[in-house]
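Peer 1: So the chains spell out like this:
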Amino acid sequence: MTLHRIECPPELNLETGRDIFNDDSIDAVRSGDECLIDLSQTSKMDPHGGAWLIRMAQAVRNKKASVRWEGESGQVAELMTLIEPGLLDEPPPPAREPGYVEQVGGITIDVIREGREMFALLVDAIYWTLLAPFEGRGFRWSHFIDEVHDMGAKAVRITFLMNFLLGLTIAMLSAAQLRTFGLSIFVAQLIVIGFARELAAIMTAVVVSARTGAAITAEMATMVVQEEIDALRGMGLNVTQFLIAPKLLALLVVLPCLTAIGMVAGILGGLCWGVFVLGFRPQIWLNETLAAAQWNDIGQGLLKSLFFALAIVLIGSHNGLRVKGGSRGVGRMTTRAVVMDIFMIIVVDMLFATFFYFTVG
Amino acid sequence: MPAHEPIIRVENLDTHYGDKQILDDVSCEIARGEIFVVLGGSGCGKTTLLKHMTGLLSPTSGGIYINGQNIADLSEDELARMKQGIGIAFQSGGLFNSMTVGENVALPLREYRLVDSQLIPAIVRMKLSLVGLVDAENLLPDALSGGMRKRAGLARALAADPPVVFFDEPSAGLDPIMASGLDELILELRRLLGVTFVIVTHELDSIRAVADRILMLDKGRVLFQGSVAEAESSGIDRVQQFFERRPDTHIAQRNL
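Protein chains in written order, with my numbering: chain L, 1 to 361; chain Z, 1001 to 1256.
Read the hints as simulated data drawn from the structure, not as lab findings.
Quick reminder that beta carbons are idealized off the backbone N, C-alpha and C, glycines included.
Incorrect hints may have been included.
[Unchecked claim] Derived coverage of chain L by chain Z (criterion: at least 3 residues anywhere in the stretch with Cβ under 8 Å from a Cβ of chain Z; other residues may be distant):
1. 40-48
2. 324-333
[As the list claims (entries may be wrong)] With beta-carbon atoms standing in for the labels, derived distance ranges:
3. L/Leu131 with Z/Ala1143: 39 to 49 Å
4. Z/Tyr1017 with L/Ile109: 45 to 55 Å
5. L/Val339 with Z/Ser1098: 14 to 24 Å
6. L/Glu227 with Z/Tyr1017: 25 to 35 Å
7. L/Arg332 with Z/Ser1117: 27 to 37 Å
Taking the hints into account, I'd like the entire structure generated from these sequences.
Peer 2: Printed below as a string of structure tokens:
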């Protein structure tokens, strides 16, 4: 063990600090040595000088040597007392990366916990939306009306436009295929069945999840961050009853309506292509459309949209209420909610398709 | 620049929010190394005055001179450079939630590029040990208590060693031990590093402990300017009332 003495100049600042740091004396320090910072000459030290001392202490400690100082007086001594914690301890090491097995376990636990939370929220939401009002436990009808306006009436234009354009596109694609067989008129049937069963429900749900699902998460998450949720709970009000139930009922009412609008819009899109490009008379195209339209198909689309509505509101609220970490967290949760929404929409749709394949055909 | 030139001079400042006049003919001078406290009841324009001094708002009329230069005459770049010479510690910290405490303190250093990047971690540790938060370096702000956030905000304000630090409500919402500790820290920083402090507060104990001079505002006008002792013996009723914590009659009546 050797003792290294580092003498500090009369004035310790950005330049002189750098000079002693870059001096060879620190390179010579070996493991187990001791470093003594001699401050007896120093009468003035500025913050940068102090920072160089901390840098030096870190470098010495990295070599597993110890550091101490002596001879300080006056202003230097007082400043040294203030910055002593920074000179002495190491910064706490950042958390260790978990191993592979640990990660798998962690993810499993998280998924199970989240699934449970979602299920609890589902039960709660259904109770407060569909049962509690009949038990006389109150429902915020005024809020419900506002939500219907926000989620529904304001979304009509975009829903119509998206479905119309999709109808146009599908007609375009399928006409190109069917024309070779001279069966272009069947495009009308294809559009009706496609939109009634799948496309209108999915397209509308995607539009609504981006509009409404994201809004629900952002709103709830901001309420958590600003302690509004705590305020509600503190007043003895039920968050599900107060916030989620009106939204859920509103979307359950609104999403089938929007889906129906979507079906009409899609069919109109197809009709435009059929009449203006393929050159059919509107009457013929309409007859073909009506002949193919069946309550069975339309019912499938509308039924699905109810489940989409449930998924959008639950995923939105769930993610909003789980937010952690201020403004950044709000953004992260909103992203997560929209991704989960679209994923769930596709999963629910697939389940329905499988179910109907084996039952109705 | 002559040494006696005040570091901040406010001249006949008038300001409005919409039609409502917030500050009415406010003038004051803040000397180098001084601890200057702006006080007054809630809604008297304290925070607005602070925002003017830091260039966040521009006045209807009147001027603000920092180091003898009118900030209204500065270009955007010059204003940004001027702001590097001031530190602002916000009421609830104003920390970026997405960064750790250490990254928050390092941010102005990295952005201003005034020092060696290899020295930045050491500066961060030093500023955090000044405010007693060395162990919180790798924590996120939402893991901190209110008092810790405030101190972390002060550490960030001090990061680039600005000659002036503005501090909005240093002791509001803190327990008495923490509040007096923070007062002590302000005095120490002034003594050791020569930092000028402009503090907005209405905590009486804190004002008595740190203030060299005070500026008292009432409804946007300057009510009093001078030392705490002068204020207490000034004979201006409103000032007396403030220091004696005497309530207004109408609130007293309402409480009865």
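Peer 1: Run every hint past the structure and note whether it holds.
Peer 2: Outcome of the hint check:
Counting residues of the stretch 40-48 of chain L whose beta carbon lies closer than 8 Å to any beta carbon of chain Z gives 3, which meets the minimum of three for the stated coverage. Using a Cβ-Cβ cut-off of 8 Å, 6 residues of the stretch 324-333 of chain L lie near chain Z, which meets the minimum of three, so the contact claim holds. In this structure the supplied range 39 to 49 Å holds for L/Leu131 paired with Z/Ala1143, their Cβ-Cβ distance being about 40 Å. A beta carbon spacing of about 52 Å between Z/Tyr1017 and L/Ile109 agrees with the range 45 to 55 Å that was offered as a hint.
In this structure the supplied range 14 to 24 Å holds for L/Val339 paired with Z/Ser1098, their Cβ-Cβ distance being about 20 Å. Range check, L/Glu227 to Z/Tyr1017: Cβ separation about 27 Å, and the 25 to 35 Å hint holds. Distance hint check for L/Arg332 and Z/Ser1117: the Cβ-Cβ separation is about 29 Å, which falls inside the suggested range of 27 to 37 Å.
Comparing the model with each numbered hint stated earlier shows that all of them hold.
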